[in-house]
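For chain A, the structure is supplied; the task is to place chains B, C and D on it using the hints.
For reference, the chains in residue letters:
Number of protein chains: 4
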Amino acid sequence: MHTELRAAIVGSTGYGGVELIRLLAAHPRVAVTSVISSSSSGEPIAKGYPHLTEIRTDLLDGVDPGEMRAKADVVFLATPAGVASKLVPALLDEGLKVVDLSGDLRLKSGELYETWYGKPPAEARYLEQAVYGMCELYGEQVRGRELISNPGCYPTATLLGLAPAVAEGWIDPDTIIIDAKSGVSGAGRGANLSTHYAETNENFKAYKVNKHQHIPEIEQTLSQLAGRPIVTTFTTHLVPMTRGIMSTMYARLTEPRAEQELIELYRRYYEGRRFVRIREAGQWPATKEVWGSNYCDIGFAADARTGRLTIVSVIDNLVKGAAGQAVQNLNLAMGWDETLGLDFVPAYP
Amino acid sequence: MHTELRAAIVGSTGYGGVELIRLLAAHPRVAVTSVISSSSSGEPIAKGYPHLTEIRTDLLDGVDPGEMRAKADVVFLATPAGVASKLVPALLDEGLKVVDLSGDLRLKSGELYETWYGKPPAEARYLEQAVYGMCELYGEQVRGRELISNPGCYPTATLLGLAPAVAEGWIDPDTIIIDAKSGVSGAGRGANLSTHYAETNENFKAYKVNKHQHIPEIEQTLSQLAGRPIVTTFTTHLVPMTRGIMSTMYARLTEPRAEQELIELYRRYYEGRRFVRIREAGQWPATKEVWGSNYCDIGFAADARTGRLTIVSVIDNLVKGAAGQAVQNLNLAMGWDETLGLDFVPAYP
Amino acid sequence: MHTELRAAIVGSTGYGGVELIRLLAAHPRVAVTSVISSSSSGEPIAKGYPHLTEIRTDLLDGVDPGEMRAKADVVFLATPAGVASKLVPALLDEGLKVVDLSGDLRLKSGELYETWYGKPPAEARYLEQAVYGMCELYGEQVRGRELISNPGCYPTATLLGLAPAVAEGWIDPDTIIIDAKSGVSGAGRGANLSTHYAETNENFKAYKVNKHQHIPEIEQTLSQLAGRPIVTTFTTHLVPMTRGIMSTMYARLTEPRAEQELIELYRRYYEGRRFVRIREAGQWPATKEVWGSNYCDIGFAADARTGRLTIVSVIDNLVKGAAGQAVQNLNLAMGWDETLGLDFVPAYP
Amino acid sequence: MHTELRAAIVGSTGYGGVELIRLLAAHPRVAVTSVISSSSSGEPIAKGYPHLTEIRTDLLDGVDPGEMRAKADVVFLATPAGVASKLVPALLDEGLKVVDLSGDLRLKSGELYETWYGKPPAEARYLEQAVYGMCELYGEQVRGRELISNPGCYPTATLLGLAPAVAEGWIDPDTIIIDAKSGVSGAGRGANLSTHYAETNENFKAYKVNKHQHIPEIEQTLSQLAGRPIVTTFTTHLVPMTRGIMSTMYARLTEPRAEQELIELYRRYYEGRRFVRIREAGQWPATKEVWGSNYCDIGFAADARTGRLTIVSVIDNLVKGAAGQAVQNLNLAMGWDETLGLDFVPAYP
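Protein chains in written order, with full-length UniProt numbering: chain A, 1 to 349; chain B, 1 to 349; chain C, 1 to 349; chain D, 1 to 349.
Bound-form chain A, shown alone (with noise of 0.2 Å):
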């Protein structure tokens, strides 16, 4: 197989970025041509992380859509809050396919946008436009597409591991309540009190409680497959590890369930979807179990005494939950098998 299609990575010093740059290294179809930095532009990138010594001897391109038109057919955007929103019309204008990876085109309202991210939404037509990319859920759509939003990590492992419960209306989505963990990289490599070693070590730390932006967009498709707008309580919590989100998720059953159903429910509901793994009742999945991968492992647990349903649910959050997805909806975007690249075993241990 020869390489097809050119890649540019805006965010490239970004643990999101430089994950792209270890996936697409394995990509049987994709060559990354540029990564592109706009604060350490002109450097070379293994100066910053020396795990790249002699892997990619690039120095880093700066923002410029012309010369990534130049260089490049899609653009992946590992970009903080509110960069997108402003480099998105240029990319497309220059023709390029562009797969965003924050959260600027993820909610369709601008309006919730502006509240959860206290900044300017994109343009209601990029908005629009812009397919919301939870493959496992939307992939049909997105084949074709120019603009691809790529959902965030803990939306990722939650409505993975509520979809089929709430579609098909087996648990009542007004009573559901997500308990999120999350390794620290979730947090970004910019350096404060909050991610220091001495800090996050030994420590396990509850933040942002009911009041994290991935609330709106979570809330967004949970209203889409129940047919009505839904409103959930979100915690978040920083686990003392790197990589890896835990979703535990709590609702009410609508009747009685045995988890062997609720097991079969799902391995229908993602028939085909090799990215998603359904658990054997009584084996509960662990982030380290799906570290390094794109998968996305879920168990069960329905309790009679309670009649309430518990959902594990986790990815790593730098793969599933960011890079590896995007390269997953590159993949259905282009018509290709959505595994290219990304067949692969996770670390262990």
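These are calculated hints, taken from the structure and not from any lab test.
Keep in mind that the hints are not guaranteed to be accurate.
[Unchecked claim] Not close to chain A: a few residues of chain C, all C-beta gaps over 10 Å, as computed: (1) Ser38; (2) Glu54; (3) Gly307; (4) Tyr348.
[Unchecked claim] With the C-beta cut set under 8 Å, the calculated list includes, among others, these residues of chain A facing chain B: (5) Lys86; (6) Ala198; (7) Glu199; (8) Glu202; (9) Asn203; (10) Tyr207; (11) Asn210; (12) Thr235; (13) Pro240; (14) Gly244; (15) Asp303; (16) Thr310.
[Unchecked claim] Derived pair list, reagent style PhoX-like, types lysine-lysine, alpha-carbon separation capped at 20 Å: (17) A/Lys47 <-> D/Lys208; (18) B/Lys47 <-> C/Lys208; (19) B/Lys97 <-> B/Lys71; (20) B/Lys86 <-> B/Lys119; (21) A/Lys208 <-> D/Lys47; (22) B/Lys208 <-> C/Lys47; (23) C/Lys71 <-> C/Lys97.
Quick caveat, the model's predicted, so the values are computed rather than measured.
Every residue gets a Cβ at the ideal spot worked out from N, C-alpha and C, and that includes glycine.
Relative to chain A, chains B, C and D alone:
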């Protein structure tokens, strides 16, 4: 102040026992005169715990109630489930005061014990005689008692977090969901795959979902506070850290409340109790902030969007969740200030 | 490229074996056709390693050379000391190619093996027949060989760091001191107190000082490079991390050298060897920069004040220190490009 | 015992300062009456350190020698390099006793200070007046002194490990090599890439090889013990843990020695010094075994094969390596028992 009480510790080679040694070394009125281990009897304690080198030079004693009587006035049982139920009668017959850190005497119903622990329960009269030493809830009842059942680690974090809101009827107890997380020391010192460093580090796991033996202990007290039988949903997770428990708790508010009202309710409820600290609105407690100490720190978010209350409560599982509360219980039983020997600053970072 | 070689892995339930599964899954010319475990024969491999769910559905085979012959062309032995010495004769008789990851065939002297391993050695003719597969030093000798002894993890990091300076006589080999540090996965998956999370986390330990069985392996090659018998001082430490080895090495320079001279010597010595990366002056390699990869990164400081050279060398103990180098050895033995299946980017962070 | 001494802490918002607060809270004769921070003056200390909630309710004071005099008898300086050299004259003029935890007064040569610290040194008369408070070596000289320079963390672990063997001439001081490892808290609370959790976790790094500013401090004392100028090779590494330092030290034995002889030499040398614990032959100290305490534990291996001695020494860098030794120095200066307020059991695990 001179030593007034001699203490023996059964199970001195477990994490609970060795933490008792650390805490009682700083207690102004208690001296540990016998450290007891059925498995390592005859060996110097510093052999298995080199951090005690030149601090404690004892040889470990075997388990013998008569010998304990000769050496001690109070016995702490830091033993696995099923041991205390057999030892307690002889110890009480010898006139010894007993603080049991195991689960053997916590449930008033022997039947429930058998269901959740899978072992025969203690005789009913001992279950009845034992006072459940959740100090901030039942401290008055502990005074002068001979047989104290020290609460479990998860129930301590959970019940201190829920009690005021349940007792005052501010939340609907039927809607309570408890998402709990613990450091690895909670699993004890036994070596097995689930405590292996390489399996636990950089990993976050759920375990015993809906099946943890602390569930009936939590429900027993919640039911008492609510005045009717309560069942709850309770999930436990393993965090890659050594010490610390966080309980994140959810429930429907019976009527809208501002966070400040909750803070005031809790401060009132725990007035004069030095080891419960209620945080300011928006400041979430983290486990490291109570590390090595007997504190339980609690924070709140009342969510107008969903009508739900989120409570976050943290303890050090080996201190407030085990050895520290055991010392606090002894203090209360003796009529001393409950902070004696426990009045120190958490180690940070 | 189609599969040309079928591989069996004996010891598939250890960390070395499961890492071979991960790496060979990405190899374009090798297919793993049998995963073998004496202890778990008959069980699905994903039971003990849920990260392999739906990736490998094999039941574990038992150890039977005839059966291996039917299923495989090459056998990887990822077994404890003392197993390979017994298995190898039958495997060779069956015409199988063998890569042994254990220490059984590394020392040319059976007597030394017995002294350091405390077990009877393999027969002398197998010790002689086996080629010591330190790829960057002896790669030429591996080509076409049937029996390859894969080097130990510490010797790999250490010898790659020392070889050029010793071979060229730039350091006095009698003054070499090796201070080595390893992650916990090096101790294997067996559960015991020294790998217990709570004993290892937030802890740094020395162990087996001057007594590690890798000492004679290091000295055997150093002596060969120096042309006379060399003894060294070698200390091992346990780092609270899962993967990674660093060797910090000290020796007296035979004459003053600038760091740049050393960098050039090493680059020349390892020219064309893709997996050794020499760092720029003043840039020290860290274990995370080779995590999950087959790289060995090396840095230097030549100290004019003391006349000593300090060399820092890092590898991933499970990859370059075990399974990765084993695959590299197979590549060399087959006459393939040594990077086949190993040409990926380290996962960072 | 009642409070006899009032203490002020300058630099209360660094890890050294906050550790002083923890330790002095348990001191029977000292009360902390002023916590001082130039950067956060006016703020409640518990804002930046919530673990102090309801324990210390102080507002942070600004730096004002006159005000300190009004509130305190002794001042601890836990400040960055370059601050103490400027503050000390005014503090001494006010009649305050000073314990300086920074490096400003440790080197007798101002020139050396300038070379290694890159800052102007303190005036020569203060360098002369300051006593170097390595308690177990120079404790006698500390008694009654007004200006104490508290040793660095690495020098403490290193010099306590080397002193007896150097002083007695059992090792050749010209052959000393020091391989040191530290937890991340040694880097202070400042947020930067090298203390970022995701960069540090599951990572082991070397840094400042041959360039650490503690080198001249170590050499100054070694030279004094050896009676002639000594230079050493000293490497520092960053361990993924919060607290703890290990120094692994190597030197040639001047004549063959059994380990037991060394143990006896060291026990004799440190007789009566409670905070140095010499381990039995074959038992290696680990950092967790001194965690949170003022102990320095030391072990040995004398290697007949190489004629070299290996010494392993561990401390808690924030206690014996900083705040704990500072309190010990105050005790010695006051003529009190050196263990006052420091006589507790390490927290384990």
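Here is what the structure says about each hint:
{"no.": "1", "hint": "Ser38", "in the structure": "21 Å, holds"}
{"no.": "2", "hint": "Glu54", "in the structure": "5 Å, violated"}
{"no.": "3", "hint": "Gly307", "in the structure": "28 Å, holds"}
{"no.": "4", "hint": "Tyr348", "in the structure": "4 Å, violated"}
{"no.": "5", "hint": "Lys86", "in the structure": "30 Å, violated"}
{"no.": "6", "hint": "Ala198", "in the structure": "4 Å, holds"}
{"no.": "7", "hint": "Glu199", "in the structure": "6 Å, holds"}
{"no.": "8", "hint": "Glu202", "in the structure": "5 Å, holds"}
{"no.": "9", "hint": "Asn203", "in the structure": "4 Å, holds"}
{"no.": "10", "hint": "Tyr207", "in the structure": "6 Å, holds"}
{"no.": "11", "hint": "Asn210", "in the structure": "5 Å, holds"}
{"no.": "12", "hint": "Thr235", "in the structure": "6 Å, holds"}
{"no.": "13", "hint": "Pro240", "in the structure": "5 Å, holds"}
{"no.": "14", "hint": "Gly244", "in the structure": "6 Å, holds"}
{"no.": "15", "hint": "Asp303", "in the structure": "5 Å, holds"}
{"no.": "16", "hint": "Thr310", "in the structure": "6 Å, holds"}
{"no.": "17", "hint": "A/Lys47 <-> D/Lys208", "in the structure": "18 Å, holds"}
{"no.": "18", "hint": "B/Lys47 <-> C/Lys208", "in the structure": "18 Å, holds"}
{"no.": "19", "hint": "B/Lys97 <-> B/Lys71", "in the structure": "13 Å, holds"}
{"no.": "20", "hint": "B/Lys86 <-> B/Lys119", "in the structure": "12 Å, holds"}
{"no.": "21", "hint": "A/Lys208 <-> D/Lys47", "in the structure": "18 Å, holds"}
{"no.": "22", "hint": "B/Lys208 <-> C/Lys47", "in the structure": "18 Å, holds"}
{"no.": "23", "hint": "C/Lys71 <-> C/Lys97", "in the structure": "13 Å, holds"}
Going down the numbered hints, you'll see the structure goes against 2, 4 and 5, while the others check out.
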